[in-house]
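A.B. asks: Chain residues, written in single-letter form:
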Amino acid sequence: MAVFHRRQVLQAAGLAGLAVLLPPELLAACTTSPAPAGGGETGRSLLAFDPHEAKVVEEATARLIPGPNDDPSEAGHPGAREADVTRYIDTMLGALEPRPPRIFAGGPFSNRAGWPVDDMAKFLGLTPAQLSGWTRRLASFRARYREGVKTLDKMAGGDFTAVSTEMMDAILAQDPGGFMTLLFTHAIEGMYSAPEYGGNADLVGWQEIAWPGDRQPRGYSDSQVTLSDGPDLYTPKGIGAQLLGLLATSP
Amino acid sequence: MVLARAGWDVTIFEKGPNYFTDLGSERPGTVFSNDELKMSRSFSLPDPTSEPRVFRSSPQAQPIIGAVQSLPQTVGGGTVHWDAKTPRLWDIDFKKLSMLGPVPGADIADWPFDYAEISPFYEQIEELIGVAGDIALFPKEPTLAHAPRTKPLPMPAGPPEYSSLVVSEGCRRVGLHPFIAPMAINSREYQGRPRCDNCGFCSGYGCPILARVGALAPLREALRAGAELRAGAMVVKVETSGHRATALSWLDEDNELHRESGDLIVLAANAIETTRLALLSGLADPYDQAGRRVMFHWFSEGSGIFLSERLHNYRGRDHTHDIDDFADPDFPGARRAAKAAGLPYFRAGKVELGGTQLPLDEASSYQEVLRLLVPEKPFGAAFKQLMRASLLRDRLCGIELIGEDLPYATNRVDLDPTVRDWRGIPVARVTYGPGPSELAAQAFYMPWLVKLLKAAGADVAIAIPELPSPRFPIAQDQVPATEHVMGGMTMGTDARTSVTNRDGRHHHLDNLFVADGAVFPTSGGHNPTLTIMATALRQANTWAST
Numbered sequence: 061m062a063v064f065h066r067r068q069v070l071q072a073a074g075l076a077g078l079a080v081l082l083p084p085e086l087l088a089a090c091t092t093s094p095a096p097a098g099g100g101e102t103g104r105s106l107l108a109f110d111p112h113e114a115k116v117v118e119e120a121t122a123r124l125i126p127g128p129n130d131d132p133s134e135a136g137h138p139g140a141r142e143a144d145v146t147r148y149i150d151t152m153l154g155a156l157e158p159r160p161p162r163i164f165a166g167g168p169f170s171n172r173a174g175w176p177v178d179d180m181a182k183f184l185g186l187t188p189a190q191l192s193g194w195t196r197r198l199a200s201f202r203a204r205y206r207e208g209v210k211t212l213d214k215m216a217g218g219d220f221t222a223v224s225t226e227m228m229d230a231i232l233a234q235d236p237g238g239f240m241t242l243l244f245t246h247a248i249e250g251m252y253s254a255p256e257y258g259g260n261a262d263l264v265g266w267q268e269i270a271w272p273g274d275r276q277p278r279g280y281s282d283s284q285v286t287l288s289d290g291p292d293l294y295t296p297k298g299i300g301a302q303l304l305g306l307l308a309t310s311p
Numbered sequence: 144m145v146l147a148r149a150g151w152d153v154t155i156f157e158k159g160p161n162y163f164t165d166l167g168s169e170r171p172g173t174v175f176s177n178d179e180l181k182m183s184r185s186f187s188l189p190d191p192t193s194e195p196r197v198f199r200s201s202p203q204a205q206p207i208i209g210a211v212q213s214l215p216q217t218v219g220g221g222t223v224h225w226d227a228k229t230p231r232l233w234d235i236d237f238k239k240l241s242m243l244g245p246v247p248g249a250d251i252a253d254w255p256f257d258y259a260e261i262s263p264f265y266e267q268i269e270e271l272i273g274v275a276g277d278i279a280l281f282p283k284e285p286t287l288a289h290a291p292r293t294k295p296l297p298m299p300a301g302p303p304e305y306s307s308l309v310v311s312e313g314c315r316r317v318g319l320h321p322f323i324a325p326m327a328i329n330s331r332e333y334q335g336r337p338r339c340d341n342c343g344f345c346s347g348y349g350c351p352i353l354a355r356v357g358a359l360a361p362l363r364e365a366l367r368a369g370a371e372l373r374a375g376a377m378v379v380k381v382e383t384s385g386h387r388a389t390a391l392s393w394l395d396e397d398n399e400l401h402r403e404s405g406d407l408i409v410l411a412a413n414a415i416e417t418t419r420l421a422l423l424s425g426l427a428d429p430y431d432q433a434g435r436r437v438m439f440h441w442f443s444e445g446s447g448i449f450l451s452e453r454l455h456n457y458r459g460r461d462h463t464h465d466i467d468d469f470a471d472p473d474f475p476g477a478r479r480a481a482k483a484a485g486l487p488y489f490r491a492g493k494v495e496l497g498g499t500q501l502p503l504d505e506a507s508s509y510q511e512v513l514r515l516l517v518p519e520k521p522f523g524a525a526f527k528q529l530m531r532a533s534l535l536r537d538r539l540c541g542i543e544l545i546g547e548d549l550p551y552a553t554n555r556v557d558l559d560p561t562v563r564d565w566r567g568i569p570v571a572r573v574t575y576g577p578g579p580s581e582l583a584a585q586a587f588y589m590p591w592l593v594k595l596l597k598a599a600g601a602d603v604a605i606a607i608p609e610l611p612s613p614r615f616p617i618a619q620d621q622v623p624a625t626e627h628v629m630g631g632m633t634m635g636t637d638a639r640t641s642v643t644n645r646d647g648r649h650h651h652l653d654n655l656f657v658a659d660g661a662v663f664p665t666s667g668g669h670n671p672t673l674t675i676m677a678t679a680l681r682q683a684n685t686w687a688s689t
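Taken in order, these protein sequences are the chains called A and V. My numbering applies: residue 61 is where the first sequence begins, and numbers increase by one. My numbering applies: residue 144 is where the second sequence begins, and numbers increase by one.
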């Protein structure tokens, strides 16, 4: 379901009036954000980071998953900054302070696929076993972020956010203490998880990869399951060609 | 269900939480949802930090602590997140020693009952949980020859998945016999539960609309018949006196100890946790048998990448088609390859045709791949290009081979001497490695996975084992990625080589029974859950009449 692309095509063709042919819930998914207002530096209230840490994390994750302003080749393609990955990570690190904790979103449905209310916005309580695990896990993550930001700053000669993007990339590529790997893992989560967790703002993460996200209670029709969507040729190039080459030579 | 209906006063203890409301009612609710992050955060699994297990590939190997063969720890158990494929085991699985013969080094055994004896219980379970499929389309050889059927399944098959159709066509081109797999997913409204709406968050996810239930079906019947369910209650000890189990000690969520006496005690916490409880309780075990012969199925994954189209594998059931050819010990060439490996025979098992990963898993794959391809900058625009091309999600068709594990006395579950869970209770330690039979079968069948994917039109096809071995060091994980756990409290007639009898009764405790995969004497080459349920139903009928 290429939600994003269909809408773009409509707009590009100047036929936005035809959008009325799309199911209303699909249009809603295209145009509204179920996530609380966020993004940018203004009005952000941080749960776990101090403002400088948040800034370092924002700049670093924008190198890992760059958006249009971070890498010229990504024009038209939102990245970690646009998805507000920093808010996702801050929400996760501070997840145990709100009650209920922001660990497990509720269910069974969000309001993105034909249901009037967002059950997923109602987070669930934790069992003592889950609380024990998450308490230890998040304490470890927080210590690693505190340490990791300090290390990035040190490697940048004082302030990671003040150096060139080339320098940022060179520092991150060294993966000091495994911090880049941790950041990348969490940036991926913030980019492509449900917006209730604080990232994927305006669903840009899902739209960017033509991913429909949660589908209940609408689901898919039988023909959408059984039939081909039609040809969609991928011509191997760049990193995609490299990946195919790697796989083709696997033992 | 059987006991509650027979008038017993039944209490069910579940260590994990209850994610359902009003289970006894017509329309239960649930908080399971289409949420990849939630499931990756161990929503329904034991938290690997607070409730870890330990894995060793041999007694000498470095122990790994964390998630080990994790199954849901929640009301509904493994069938909360199962793919709901419900094949039956074959006649040769129940009478493996008699029909196929011994394998040096392995404890090949017969089950205490045969296919004909369990067949009526298969039928009852298929009716109870609602299996969809068309037996007229099952291959006569080998499937129906080894697992004959007399009755149609209660529901017609659901819609076939496009990628499963594509790979099935490839299978036919190389002489294999694909068919729509039987599965306990509603193809129409069934017993008040809705038809599956193809949402796609299936294998590994709790069903948000209860179109797929499994063990919840008999649980709901038990509750309606008066059984009491206690979630968040961990049984830590079976108390015994002479040849009787007298009571259970259990901890509530605040770690307060309680005691519940009973006339009949049934353990069904899955093969690993049931064995752990038996060992924690110090149940009589004069021949050191508890925990031995644990079996997991060696899985191997094939991946086909299609450049001409997106396969939308993320819609519908995980996959809809299977082949059984590789479960046949007489598959062309298999006997000869076994002989060359010094074995009397070997088998693999069924192959599931179709399936893919969702975006978080896909992104993690690229995170790994970029380290290999661009170590100088393993992130950035290259990562996003991969996500948009979606070679490892939307253009991927996965297939999975379920390989039969033989029972080895050295593959076992015991208590770890040092690692404890958050409550301070020793955790289960798994010591497991493949034998010559598993490795030879893997070497023989892995190339077939590539062959059938190529025949289906995959531009690139690879096969990767999920069983680490010296022969395949590129296995994905150090811990075998399998969720089929069997053995450890095996059924048998001889107390020197088994733990329970044909009714699941403990050899040394007259009123203690085991009713999960722990009792399996052999693993078969198919998903075990239907057989776990049919075996439990068969046994429960004997208990109810005691």
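FYI, nobody ran anything at the bench for these hints, they're computed from the structure. Hints may be right or wrong, so weigh each one.
Pairs of lysine-lysine residues, derived as DSSO-like cross-links and limited to a Cα-Cα distance of at most 27 angstroms, are as follows [unchecked claim]:
| hint | chain 1 | residue 1 | chain 2 | residue 2 |
| --- | --- | --- | --- | --- |
| 1 | A | Lys-214 | V | Lys-597 |
| 2 | A | Lys-297 | V | Lys-283 |
| 3 | V | Lys-597 | A | Lys-210 |
The calculated label-pair distances, taken between Cβ atoms and stated as ranges, are [unchecked claim]:
| hint | chain 1 | residue 1 | chain 2 | residue 2 | range |
| --- | --- | --- | --- | --- | --- |
| 4 | V | Leu-287 | A | Asp-289 | 30 to 38 angstroms |
| 5 | V | Val-562 | A | Thr-195 | 50 to 58 angstroms |
| 6 | V | Thr-561 | A | Thr-225 | 41 to 49 angstroms |
| 7 | V | Gly-335 | A | Lys-182 | 24 to 32 angstroms |
| 8 | V | Gly-335 | A | Arg-159 | 34 to 42 angstroms |
| 9 | A | Gly-185 | V | Glu-519 | 53 to 61 angstroms |
| 10 | A | Gly-136 | V | Leu-287 | 49 to 57 angstroms |
| 11 | A | Val-177 | V | Glu-332 | 38 to 46 angstroms |
A short, non-exhaustive set of chain A residues, derived as facing chain V with CB atoms under 10 angstroms [what the hints assert, rightly or not]:
| hint | residue |
| --- | --- |
| 12 | His-137 |
| 13 | Pro-176 |
| 14 | Asp-179 |
| 15 | Thr-221 |
| 16 | Ser-224 |
| 17 | Tyr-252 |
| 18 | Pro-277 |
All figures in this text were calculated on a predicted structure; none of them were measured in a lab. Here a beta-carbon is modelled for each residue, glycine too, at the ideal position from N, C-alpha and C.
A.B. asks: Now look at each hint and say whether the structure bears it out.
C.D. replies: So, going through the hints one by one against the coordinates:
{"no.": "1", "hint": "Lys-214(A) to Lys-597(V)", "in the structure": "51 angstroms, violated"}
{"no.": "2", "hint": "Lys-297(A) to Lys-283(V)", "in the structure": "46 angstroms, violated"}
{"no.": "3", "hint": "Lys-597(V) to Lys-210(A)", "in the structure": "50 angstroms, violated"}
{"no.": "4", "hint": "Leu-287(V) to Asp-289(A): 30 to 38 angstroms", "in the structure": "35 angstroms, holds"}
{"no.": "5", "hint": "Val-562(V) to Thr-195(A): 50 to 58 angstroms", "in the structure": "18 angstroms, violated"}
{"no.": "6", "hint": "Thr-561(V) to Thr-225(A): 41 to 49 angstroms", "in the structure": "47 angstroms, holds"}
{"no.": "7", "hint": "Gly-335(V) to Lys-182(A): 24 to 32 angstroms", "in the structure": "26 angstroms, holds"}
{"no.": "8", "hint": "Gly-335(V) to Arg-159(A): 34 to 42 angstroms", "in the structure": "36 angstroms, holds"}
{"no.": "9", "hint": "Gly-185(A) to Glu-519(V): 53 to 61 angstroms", "in the structure": "45 angstroms, violated"}
{"no.": "10", "hint": "Gly-136(A) to Leu-287(V): 49 to 57 angstroms", "in the structure": "55 angstroms, holds"}
{"no.": "11", "hint": "Val-177(A) to Glu-332(V): 38 to 46 angstroms", "in the structure": "24 angstroms, violated"}
{"no.": "12", "hint": "His-137", "in the structure": "6 angstroms, holds"}
{"no.": "13", "hint": "Pro-176", "in the structure": "16 angstroms, violated"}
{"no.": "14", "hint": "Asp-179", "in the structure": "7 angstroms, holds"}
{"no.": "15", "hint": "Thr-221", "in the structure": "18 angstroms, violated"}
{"no.": "16", "hint": "Ser-224", "in the structure": "14 angstroms, violated"}
{"no.": "17", "hint": "Tyr-252", "in the structure": "4 angstroms, holds"}
{"no.": "18", "hint": "Pro-277", "in the structure": "7 angstroms, holds"}
The structure fails to meet hints 1, 2, 3, 5, 9, 11, 13, 15 and 16 from the earlier list, while all remaining hints are met.
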